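Sequence lines, in order, name chains A and B. Going by our numbering, the residue at position 110 of the first sequence is 110; the numbering climbs one at a time, nothing skipped. Count along the second sequence starting at 1, add 1000, and that's the number in our numbering.
Hints in this document: simulated from the structure, not taken from any laboratory. Warning: the hint list may mix true and false statements.
[Said to hold, decoys possible] In the DMTMM-like style, the derived pairs of lysine to aspartate or glutamate whose C-alpha atoms are separated by at most 25 Å in a straight line are: (1) Lys1117(B) <-> Asp193(A); (2) Lys1137(B) <-> Asp76(A); (3) Lys24(A) <-> Glu1330(B); (4) Lys1117(B) <-> Asp1331(B); (5) Lys24(A) <-> Glu1071(B).
Owing to the predicted nature of the structure, the values given are computational and were not obtained by experimental measurement.
The residues making up each chain are set out below.
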Amino acid sequence: MKRSAAAVLTAALLSVPLVLPGYKTSLATEMLIFAALAMSIDILAGYAGRTSLGHGALFGVAAYVVLYHVTVAGGDPWVAALLGIAAATVAATIFAVLAIRASGVYFLLITLALGMIVWGICQRWTSVTGGENGLRGAVRPAAVAGPAAFYYFVLAATALMAFGMWRFVHSPFGLTLRGIRASESRMRSLGYDVSLHLFVGFVVSGFFAGAAGVLYAFFNSFASPATVALAQSVEGLLMVIVGGVGTLVGGLVGSVAIITLQNFVSYHTERWSLVLGLVFIVTMIFAPEGLVGRARILLARHAARVREP
Amino acid sequence: MRRRAFLKTAGTGLLALSSPVRRALAAGEPIRIGLLSPLTGVIAAGGRELVDGFNLYWDQVGRKAGGREIEVVVEDDASNPNTALQKARRLVEQRNVHMLVGDILANTGLAVAEYVKGNGVPYFIPVIAADDLTQRKRIPNVVRIAGYSASQSTRPLADYALKNGVRKVVTVSQDYTFGHEQCGGFCQVFTEGGGAVLQQIWHPLNTPDFSPYLPQIQSLNPDAVFAMETGADGSRFTQQWANFGLKDKIRLFTSMNATDQSIIRTLGPEAEGVLSAGHFCEGRDDAANKKFVADYEKAFGKLPSIYAFSHYSGAMWLAQAFDAIGGKVEDRPRFLEAVRKIKLSASPLGREVSLDKYGNPVYDIYIRKVTRRADGKLWNVPVEVYQGVSQFWKYDPEQYMKQPPYSREFQGIKKA
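Make a model of the complete structure from these sequences and hints.
Structural data, given as structure tokens:
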């Protein structure tokens, strides 16, 4: 059952540029990139119980570095990709040092504030970031310039990242994160260094957010304060919540659901944000565990019913 | 299903390749214009007027030009450059529009410009004012029909101020590229003409309170203040300027956005008498202009703003280009050539208007004063006109473009 579902999903993902050429391929590319961002947020939100509102900033930092390195400094895009990920990881390290001691709403607020600082820097440091206008220029590596080639590149990169994140959260280390979510004091009394574990979790999560940001820079050839703004972090988090917190694959489901909705609804009405808001509310009422979480519950019920005579 | 989709795509592709078929299709198919506008977000009110102005013209000509139907596909850019990009992609790749028009905020326009740079889709920008789009970083298929570059209109204003005895100014401006450029144009001409800039105040967008700045200005004792403000900052500044009692003490010159209809229609006596410079002047006594203002007022119950005006004139410009090439917009080089060659007359812009060879219009700039109309509504009326002002003012274009673009650091200020 699970295997056939995975096979169908793989086939569907691989056939996108053939079945849906043009705009829809670029939309699918965007979905994959945001899925990677959402999954990176889920590492913290779903497994360590720390909801971050600063991941949009980490994502954006990587995008800015890629654009700066290629368009202003005239560097190589692949080197830029490494620098972008490194920059996001460094930023995540700083974020982590300041934020991991807090939990709950305080963690949320600290990451929000840190994200706003990054936004402020991008907005005001005009000579480097281009201020409000941002940075732009063709940064996509020549090898993956075409829309289909780029889609497959993003698909491969996202799959690799998803596998990495899955391994990470299911490793013994990932289990300690889940332990921290369940009971911080118990983990501490068992002898685990909770702060250190959260720190590593945050940095790893920031690393993946940065990798997603690099893909986004290649995709859009553009970075502006809107790329690092709070709205970006919130969007990533909403994708996780809609898809299902603590499931990883929920990030992909949420990203597909939200980007599809945005595009489909705005096609019909300019009040699309209103419709989107209603959809979120309905999801929260009827499927507070997210789409993936809900589906799992329904499947489990179904399985139980089948087992019973 | 998949095979059918493939056959369909392949078939369309083959059809598109054979030009006779394409020409046959062209005759029956409408010209599709993708209009990007911020219908949500910080500048949503302006976005609505943009769409209204653009559609008003097409409605007046029966949605036909160059022998073809005109179809306008509107998309909301949400005042966000990333959304603007996504919507531009959709318009081009899914809705198959022949061209893109619109956007208000510079960052959204620049993002879309970068996108069309790669695929050659014509993109027309009646409001996006970033200087370099028609100067140092020109893109051949991005044309500023009926638009203006940021520093174009503030230079005549500086000249006017000098001629009226102003020697010392303080500038107040929003701290972003559009502000840097408008302020730079003013400061360069003003200081080259012998004036002095005492101080430049840069404040963030959406400054709720100007009271920290106003006493500072007063203590510097300038002859006049140049204020570059758009959106809500514009009305707040004008109100607080009057509330602090500076209105009758220090002369106030502003950028055209600060006294645009979108701002002054909500203001009272505090706005009266403020001077600004712009290529649009809703109170100007000219047949085409009066007709546009009256039509717009009749249709939407208010005086038109710069956004409505620019896109109305932009639509007019496009219609003439469609006529010139018999509606064959598929031939992009010819279409763009036609757009560049248009000499637009009988438009609300005033005298005959054409583009310079960099793709920016040359036209009359009016020094405008906010005055009360007979029915009590505020509007801008001209007090002086500078004829045929180009984006390069009186400088040699090539020479001018060797200086760096205006920024907070470089304002073109000539040291006395």
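Now the hints, each set against the structure:
1. Lys1117(B) <-> Asp193(A): Violated, because 53 Å separates the two Cα atoms, which is more than 25 Å.
2. Lys1137(B) <-> Asp76(A): holds (22 Å)
3. Lys24(A) <-> Glu1330(B): holds (23 Å)
4. Lys1117(B) <-> Asp1331(B): holds (17 Å)
5. Lys24(A) <-> Glu1071(B): holds (22 Å)
Taken one by one, the earlier hints fail for this structure only at number 1.
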